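Given these sequences and hints, build the entire structure.
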Amino acid sequence: MPVGEGKFKLHAKLTPPLEAGLWRLKADQNFEAETPETALDRNDLRVDQEHVYLRIRSPRYVLPPDQILSTYPPANSFGSYGSRLPQVVIKRRTLPWERRLDGAPEETPWMALVLIAEGEAKLETGVDVDGCVTAGVELEGLKEVAKGNCLIAKRSLIHRVFPTKRDLDLLAHAREVDIQDTELMMGDDDGFLAVVISNRLPLPGKDENGRDAPVKYLACLINLEGQYDVLPDRSPDPAPIFVTEFPTKYFAVQKHYAMDDHMVMGTALAPADMDINPVDLAGLTNPVPMATVSNGSNTTQYQSAAAAGVGAKPYAGSGQWSTASLANKTSAEISLQMVEPFRIVDTNKAPRLDPEYRFPVLLHWSFTTTGDTTFRSLMTNLDSRLLGDVGNASKPLSGRLPLEVAESGHIGLGHQTREGDRVRAWYRGPLVPHPAKSTSADRLKLAHSSDQLRVIIPDGREDLSLATAFETGRLLTLSQPSIIASLMRWRQADYQAARLHSLLTSNRGLWEELLGAGFEKTDLHKIGPMAGRFFAEAIARNPELFLGNPRARVSPGRPLEFKGKANNILARGLGLNPAIFKGDLTRVFNGLREARVPRDDFIAKDLKLVDIRETLGTDLDRQRIDLVSSALSNELLKDHLTGPAFPVTDRLRVEILNDNLDVILHEPAPLDFTDEE
Amino acid sequence: MINKSSDILEHLGAELQKRARAPSAEFKPDENTAMPAELRNWLVRLRLLEGVPFANLVADSELLPQESIRWFYMDRRWTDALVQGSLSVGTVNSDDRIQLDAQYSAIRAELDTEERNVRRSKGMARFAGQPGPITGFLLRSSAVSGWPGLHVRGFNVDIDPEEDDDPFKENDPRKIRLLRLERLAPAVLLCMFDGIPKVVHIEEPRQGIQFGFMHKDSGNKRSAKLRPRNKTNFEYLDESGNNDVDVPFRVGSSGVVDIRRLSEALAAHPETGAADGLDSAEYALQLIRLPWRQVFGEIEVPPVSAMFRATIDYTSMVNATFRL
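Quick mapping for you: the protein sequence lines, in order, are chains P and R.
All residue numbers for the first sequence refer to my numbering, where the first residue is 301 and numbers rise by one.
All residue numbers for the second sequence refer to my numbering, where the first residue is 2 and numbers rise by one.
By construction, these hints were calculated from the structure, which means they are not laboratory data.
Since the structure is predicted, the reported quantities are computational estimates derived from the model, not experimental observations.
Cβ coordinates follow ideal geometry from the N, Cα and C atoms, glycine included.
Be careful, since some hints might not be right.
Unchecked claim - Short, incomplete list of chain P residues facing chain R, as computed with Cβ under 7 Å:
#1 Ala-312
#2 Ser-456
#3 Arg-460
#4 Asp-683
#5 Leu-746
#6 Ala-769
#7 Gly-773
As the list claims (entries may be wrong) - Only pairs whose alpha carbons sit at most 27 Å apart, straight line, appear in this in silico BS3-like list of lysine-lysine:
#8 P/Lys-737 - R/Lys-199
#9 P/Lys-313 - P/Lys-454
#10 R/Lys-217 - R/Lys-199
#11 R/Lys-226 - P/Lys-309
#12 R/Lys-222 - P/Lys-309
#13 P/Lys-391 - R/Lys-232
#14 P/Lys-443 - P/Lys-454
#15 P/Lys-391 - P/Lys-447
#16 P/Lys-454 - R/Lys-222
#17 P/Lys-391 - P/Lys-307
#18 P/Lys-391 - P/Lys-443
#19 R/Lys-176 - P/Lys-307
#20 R/Lys-232 - P/Lys-313
#21 R/Lys-222 - P/Lys-307
#22 R/Lys-232 - P/Lys-307
#23 P/Lys-737 - R/Lys-217
To be verified - Covered by chain P, according to a simulated footprint, are these stretches of chain R (three or more residues, beta-carbon under 8 Å):
#24 79 to 92
#25 136 to 146
#26 152 to 158
#27 231 to 244
In structure tokens:
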């Protein structure tokens, strides 16, 4: 049943039919048969037992990135997340229930999302999978990967931060969304998602003076297999409290000789500098090797101390932090970078004999919780006015002149005239505080240069708003060569259109006959194709007028007539004097040798004959008409306008060049002139 | 004997005839228009102020202080001048200018229509007719940089903010369409409407679904409340907050919620489904937090004379000049 767009359905759990691991499938078949003569039992028709081995794979140490649909809060982000529980949305809907926790009730999720503040626990990356779990714990079955990440947590931390055994079940659920709903689907394929929620709010910190301080948190999706017993049975017993304390921020005192100067002088690398952008410092602070920690009652070691600087305000303005340096890195590098502050643990307050446990980390990301600004608090406190209204609040005195703003939204700006005088002029951008009149009478008349739009208003100052707009548009266009080219092409096309128009009006009669009355209204660009279609249509209507029968491939030719003596026929056929074939062979040969062969002058001589000229005349007339019409069309359409304008043109032209002689020779001629006599 | 291939030719003639007579139903970019398509696209983008330097839009930073939203009307004359400046690049001699003079009104009318069609979603009918006013706002706030992907909607009727989040379809006449929604700088958002909206909603981006509580700080401590929901219809049991449950935290650690005790506290309200033991889906249901939606509209607008603090008495002069 579809869920419906914008809606989703929550399931407490979606358990897989089979848990991950190695399975053996045994199949037995029993056959019995009875015939009138005899009965066969299963021993006679024995079928071997079939063993099928199945391996159900499931991520165990590392969650493949394509299985993660979203994390909240977003990785590497800054924000006020103090009242939201971190969560991870996983594509594989059954994942949290695919493995079994020893000692846990059935269908308890085997993973948990734990949230670690800076300095509370250590994340090690690139550990052999055997080292990812606490020594002594053995995970049976397939390892899937060779190296993984692991979280090293003290028992005291586990009791403070990790979910209890009873919590675990509530922290994973499945969500079913409509597959049409892209916003909720987030790129999933089947609309079923698994969600794991953390049990801890990422509270922002307070420094020792009670001011807000950002805190960096690391969210780890850990594998609890084999270590369910490590989790606290239940939350510690004192009656529940309904308030929780903000984590207190301390500043690292790192003993490093090269750092002494910075510590003393308070320069760039000194910790807790107020307005240092943590991203800028990343490259400087990361490689600093750690030395022994100076003793102090409230000392936490961590590296990127500046990130927790008092009052560091990541939102304080545009461009203060940049993820550009991160954008070039691979996700693996980014995730390594996110781990950086979580490699060192505060060991000072830890009780002695606090055993360490290691948990495989399927997925980890970090984010920073800043003060208490929420989207809601920001939006409700916005200063909402019309543009140009500066309000009544008195501005603190500063070096600059007070803003000069008129009711119309114009503001006074310094202006150096072309003569070099320093004056003040009025300027108003396109965004005005009054309804703009938009009837066509109020619109701006066409101006051709910006100086046309300079206005002097009665107070003697210039209003340069429109002139500035004109110049802005001009410069923006000049910065785009393609648009300049387009403008120039447009101008050229307009000239061509004008020329075409004049051609059409000068031969009005011809075009009206061809295209019908009102031809000016048709798109001139279409005349070529239209004329082509017109002719094709005429041909198609009355093909017999235009097209003859197809010529036979083989024709019998004309019968040959023999009249008179063979000598004479032969001589006339060759165009020779019949007398040459008389006498003995020697004489005939001599005569043939001396006979002039009729060649080039044949056509030139014959053209003088009236009958040939007539024969050619009709043909030439037809060719001429074609030529004229095609030439006309070419004149009209030019090359860029035609396209398939006159499909016939080219063919005719070719024939004229090559086939005149053929036409002449194939014309049936009077009998007494045939050369086949 | 007629040519055997005549049927083909007849067919060809019918085909040609059909194509020649077919009415041009769809709009082709370069037919019957005042200017080539590439030019039109460029001018429409200019009209919507794309690429115009920010200092030309807002000439002084005092006009747009931090954490402010500034509403505006679009000055058509200014954008006309912008377009004219752009067109002036293509005029070389006075002949060109005469021709441009003749064409200009058609160009302007076409741009007026086309700029409304810029963000037209696929399958919607084209907008035509005379253009209405263009309005919009500039938002400079850390909300823009911290919550990328804000949802902005404008309506020309009053919308109950509690109502369904998007009651109208994209082409509903009651919904004011967006002509432009763009971050000009990390913390500056420019939004332009095709019309004058009566109500504008700005909504937190929905990065999936969020889980959490309502919190309250006092000194160094934070307390949180959970407003229980009815598990069958998702409604709050009590809007006024009488049934709010205090969220228990684990002693000795910061921010760790004692989930079991929370579910026991919820069990006092059987409608939540916690009475028979809370399961993870019911727990998630209780925790869902909806994105915040800020509604702007129907503000008490003080008279213009009270809004501006003119340093010199320009009123009469400015009125005379700009005919306000």
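Non-conforming hints, listed in increasing numerical order: Hints 2, 9, 10, 12, 21, 23, 26 and 27 contradicted; others consistent.
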